[in-house]
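**Student:** Taken in order, these protein sequences are the chains called A and Z. Under UniProt numbering, the first residue of the first sequence carries the number 1, and numbering increases by one thereafter. Under UniProt numbering, the first residue of the second sequence carries the number 1, and numbering increases by one thereafter.
Calculated directly from the structure, the hints in this document are not laboratory data. Note that this is a predicted model, so its numbers are computed, not measured. Just so you know, even glycine gets a beta-carbon here, dropped at the ideal spot from N, CA and C. Treat each hint with caution, since some may be false.
Pair by pair, the computed Cβ-Cβ distance ranges are [said to hold, decoys possible]:
1) A/A174 <-> Z/A232: 49 to 57 Å
2) Z/A227 <-> A/W324: 44 to 52 Å
3) A/E171 <-> Z/E128: 48 to 56 Å
4) Z/K298 <-> A/R119: 45 to 53 Å
Number of protein chains: 2
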Amino acid sequence: MKDHAMQIPTYEDMLAAHERIRPHIRRTLVLTSDYLDEITGAQLFFKCENLQEPGAFKVRGASNAVFGLDDDQAKLGVATHSSGNHALCLSYAAGRRGIPCNVVMPRTAPQAKKDAVRRYGGRVTECEPSTTSREEVFAKVQAETGGEFVHPYNDPRVIAGQGTCSKELMEQIAERDGGGLDIVTAPIGGGGMISGTCLTLSTLAPDTQIIAAEPEQADDAMRSFRAGHIIADDAPDTIADGLKVPLKDLTWHFVSSHVSDILTASEDEIVEAMKITWKYLRIVMEPSCAVPLAIILKNKDRFAGKRVGVVVTGGNVDLDRLPWIK
Amino acid sequence: MKDHAMQIPTYEDMLAAHERIRPHIRRTLVLTSDYLDEITGAQLFFKCENLQEPGAFKVRGASNAVFGLDDDQAKLGVATHSSGNHALCLSYAAGRRGIPCNVVMPRTAPQAKKDAVRRYGGRVTECEPSTTSREEVFAKVQAETGGEFVHPYNDPRVIAGQGTCSKELMEQIAERDGGGLDIVTAPIGGGGMISGTCLTLSTLAPDTQIIAAEPEQADDAMRSFRAGHIIADDAPDTIADGLKVPLKDLTWHFVSSHVSDILTASEDEIVEAMKITWKYLRIVMEPSCAVPLAIILKNKDRFAGKRVGVVVTGGNVDLDRLPWIK
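The following block holds chain A by itself, in its conformation from the complex (with noise of 0.2 Å):
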């Protein structure tokens, strides 16, 4: 296991990460709403993520770490902890490749996700809910196969993958009607999605502003840029699940650099931007993925009048369990 901590990855980078992915990935379709533009006062355009075959934006950091091994490396295959989309991405990358896929799941994760990981050939080991349980049983893991680690977020390979988006993104507004955008906004949890679209835009369309939208009840991203350090939550709580987790080394390095403004929005906000994106747009997609219109529509002028790229990062979601259902 190489450490990557702190390779930043560069432009060319997610350039190379798109013509190795390009075979693997989708070119998500960018989805638009008259109602939605009516109500927000903003031109939006929706890339949609969860139209992914796995569902998540994730597939795209997962295929370039899997697609860039060598050959050695390549047949002791890839190993992760996670017990949400990357776990499902990474499989469904490994298993495109044929090559193996370890992950290592909290036993409290939910069947569905354990079921999804192994549709897709990952093998699933299980830990306890602790992060000293989950440390200790990776550690065994990886050493039995040797799999190279491949971190959620916090991996250059991961981060040039994910730049790929924003790339796709632009390319297809242009192609749309030759223009721009004002603003791209994307959730925050880890930091993966915002790193790549940072990564990109700064270069490719250094003007456009990247507002970063997080839960208020786990705005540790919120709280580590106001306060120019990162600071990690220990535990915190809401229904946007996939933004749990903190922010790490190179992520802020991103984060720190170039994004413009982290705002939040709270449960019911984010729950009821959600509901209205089902509606609307009739696309099912996570809680996380609701948070950047719940920041739109409760921050108005500032996105009035704006040309907005809204990142649509995932669409696995508990059919059983809709949160305006109680």
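Since the structure of chain A is already known, use the hints to place chain Z on it.
**Tutor:** Here is chain Z on its own, set in the frame of chain A:
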């Protein structure tokens, strides 16, 4: 009000319709899923008409009728009776042309539907939930307004408009991989979408089979097809509420001439297929649209190894009442 009965639309009418409506509709996404291909054994191409701005394919036929009116008639606007997507889409199209749209809806129709019609600028007049009342009230509204009657499906302008969907689908499949489709399947209620599909494919792709999908509990089209004449059910009850209406002379013409088969699915099978689509395609679609996937899952031998186009007809769902959540 002209009598459109048995003015059978031609392939040229469909081509003219496509030119006419192109600025007012979306060229909707064609979505695929490795997982759904795996469980069906077929290669499925989902034409996502739920992603039209007003959420249904019916915007095609409605736009063709609205934008085909001469200026004198246009001033008087359009009128219809419908409690579903046709009312919404006709209001939307009339709104884009800036002409009046009068809709007669049963007072028992969901408030959300009435609100949606009004949001697009349609004027709602309520009737009692009976055919007699609907006809009386509609005659009165039409006498007062002089609006052109646009039937939800038994209208050559509407059928020609719906036919543009399979034209686009065939073009998109050809762009994707140069191939064609062995089968196109769509739900059947009154038969507007299926008739448009017949109109287009009988000229454009005469070897492509057209298989209609119908709820077991509203199987009047299937029984008509087997009997060789129209059989109308009195009051069918199914969760696929867009599919309760009977065939009429124009749609029967197409169904009886060009449809290869009509297959049915039970209520449970429809709900299961609906949930599978939400989960793996991550799109919001109505129960009616799930019937095609339900018949594919039920008749795998008929579809295995085939390239199958599936028309996802609409996405206007009551999100507070999902059929798999009790």
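**Student:** All the hints need checking, so say for each whether the structure fits it.
**Tutor:** Here is how each hint holds up against the structure:
1. A/A174 <-> Z/A232: 49 to 57 Å: 52 Å, holds
2. Z/A227 <-> A/W324: 44 to 52 Å: With Cβ atoms ~45 Å apart, the hint holds.
3. A/E171 <-> Z/E128: 48 to 56 Å: Hint holds: Cβ distance 54 Å, inside 48 to 56 Å.
4. Z/K298 <-> A/R119: 45 to 53 Å: Distance hint for Z/K298, A/R119 is violated at roughly 22 Å.
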